[in-house]
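Colleague: Please take these sequences and the hints and turn them into a complete structure.
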Amino acid sequence: MKTSVEIRSHLPRTGCRWWSRMLALGALSLTSGCIVLPTPHIDSGETRTNICEQTANRFAVGAATRADVLLALGEPDAVTPDESRFAFRREKIVGVWFVGGYGSAAGGSIDADRYFVTEFDAGGTLIKATYDSCCVGSTAPEKLVKIAAAEMNRDASIRLQARANWLAGARNYRSPGYQNPTWISGRLVLTESELRFFSRVGLANEPALLTLPYMNIKSVTLERFVFTKFLYVDEQSGRNHAFQIWGGLENGHARQTRDDAFEFIRNKINPSAP
Amino acid sequence: MKANCILGVAMALALALIVSGCATSQPLKSRADLLTFLVDGKTARQEVFLQLGQPSARFENERILTYRLGYESKNSGYYVLEREVTYEGWPAWKAANFSLVLVFDEGGVLKRHSLVRVN
Chain A
1 MKTSVEIRSH LPRTGCRWWS RMLALGALSL TSGCIVLPTP HIDSGETRTN
51 ICEQTANRFA VGAATRADVL LALGEPDAVT PDESRFAFRR EKIVGVWFVG
101 GYGSAAGGSI DADRYFVTEF DAGGTLIKAT YDSCCVGSTA PEKLVKIAAA
151 EMNRDASIRL QARANWLAGA RNYRSPGYQN PTWISGRLVL TESELRFFSR
201 VGLANEPALL TLPYMNIKSV TLERFVFTKF LYVDEQSGRN HAFQIWGGLE
251 NGHARQTRDD AFEFIRNKIN PSAP
Chain B
1 MKANCILGVA MALALALIVS GCATSQPLKS RADLLTFLVD GKTARQEVFL
51 QLGQPSARFE NERILTYRLG YESKNSGYYV LEREVTYEGW PAWKAANFSL
101 VLVFDEGGVL KRHSLVRVN
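Taken in order, these protein sequences are the chains called A and B. My numbering numbers the first residue of the first sequence as 1 and each following residue consecutively. My numbering numbers the first residue of the second sequence as 1 and each following residue consecutively.
Honestly, the hints are just simulated from the structure, not real lab data. Certain hints may be false.
Said to hold, decoys possible - 25 Å max Cα-Cα, derived PhoX-like pairs, lysine-lysine:
#, chain 1, residue 1, chain 2, residue 2
1, A, K128, A, K143
2, A, K143, B, K94
3, B, K94, B, K29
4, A, K92, A, K143
5, B, K94, A, K92
6, A, K229, A, K268
Modeller: Okay, here's the thing in structure tokens:
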């Protein structure tokens, strides 16, 4: 089994899209009244600070376990559903920007992430530890640890995974069952036999908040409410659910993913429908 | 003259009340002895749930539990915090300074634990 310790701090990095952000910064600096200043790299105060380039040297690849990593670094910031990969994130301020003119001004910080990612085998032994730094910006946790791929490896019956918001027990704020606030942000997963929803607040290895077999679904519709379309799922019991789909978990346009989800569920509950 | 004197005293009293309100300190939410019950080889997992509530994360079928803790220097005490995430989905460690990691054996008894300073 190949094991490795890597320290990567070079560019480019496809998950970071550093070039697009640098291009935007460059274009921004050329506009009138705009200043972009690099600063010494300091912690933003919003994330952990207990990882660095030397963190990987603390763990023996091939010997350290999940418990060893957790006891040393604490709760990870992202986890795959099968716990094969942990990610720890540190955010640094690398610059500031100011825009001013005509009596008004705005400004902010330019942030960059550093990640320490560990990979474990099926027995929970460390096989890889990587420290990675992104020049500017942040990579979404589901992309960094490849949650979608890990979920597919764990459950071969998965057919679609999407970033979505879930409104439980109601269709919208006008519905009788609506209680404010109830929109939950997370991950919608469609398998061959059921619909699942996982909260984004919890780590990806936590159980689903909603597990709904297709046999319990009476109807599914795609309807416009205000400015967007929602996927409405009505149970045989009379309970309603609304889903606002933002896009595929790793890629995919929101509209296409939403339409695919609608067609898939409709075919599951009524295979003979056109 | 007498009315001016009374008015002056009343205003001084009102000002003193306002200032004392500003000086009132927030009640402490931490406990210095929150973690003293944790003893390797003795503390049961159920006791942990009773004392600290639900953990913020679980691993290996609850063989490993983690809690996010805040810290108050006034009484050197800790308090349990819920997990919070940012808009991008990453957890925020602004309020939580520590991560308590608990590893249990097959019988549900605490085997090892550590209090990790996260930021």
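Colleague: Now tell me, hint by hint, if it's right for this structure.
Modeller: Now for the hints, and whether the structure bears them out:
no., hint, in the structure
1, A/K128 to A/K143, "18 Å, holds"
2, A/K143 to B/K94, "23 Å, holds"
3, B/K94 to B/K29, "17 Å, holds"
4, A/K92 to A/K143, "20 Å, holds"
5, B/K94 to A/K92, "14 Å, holds"
6, A/K229 to A/K268, "21 Å, holds"
Comparing the model with each earlier hint shows no violations; every hint is respected.
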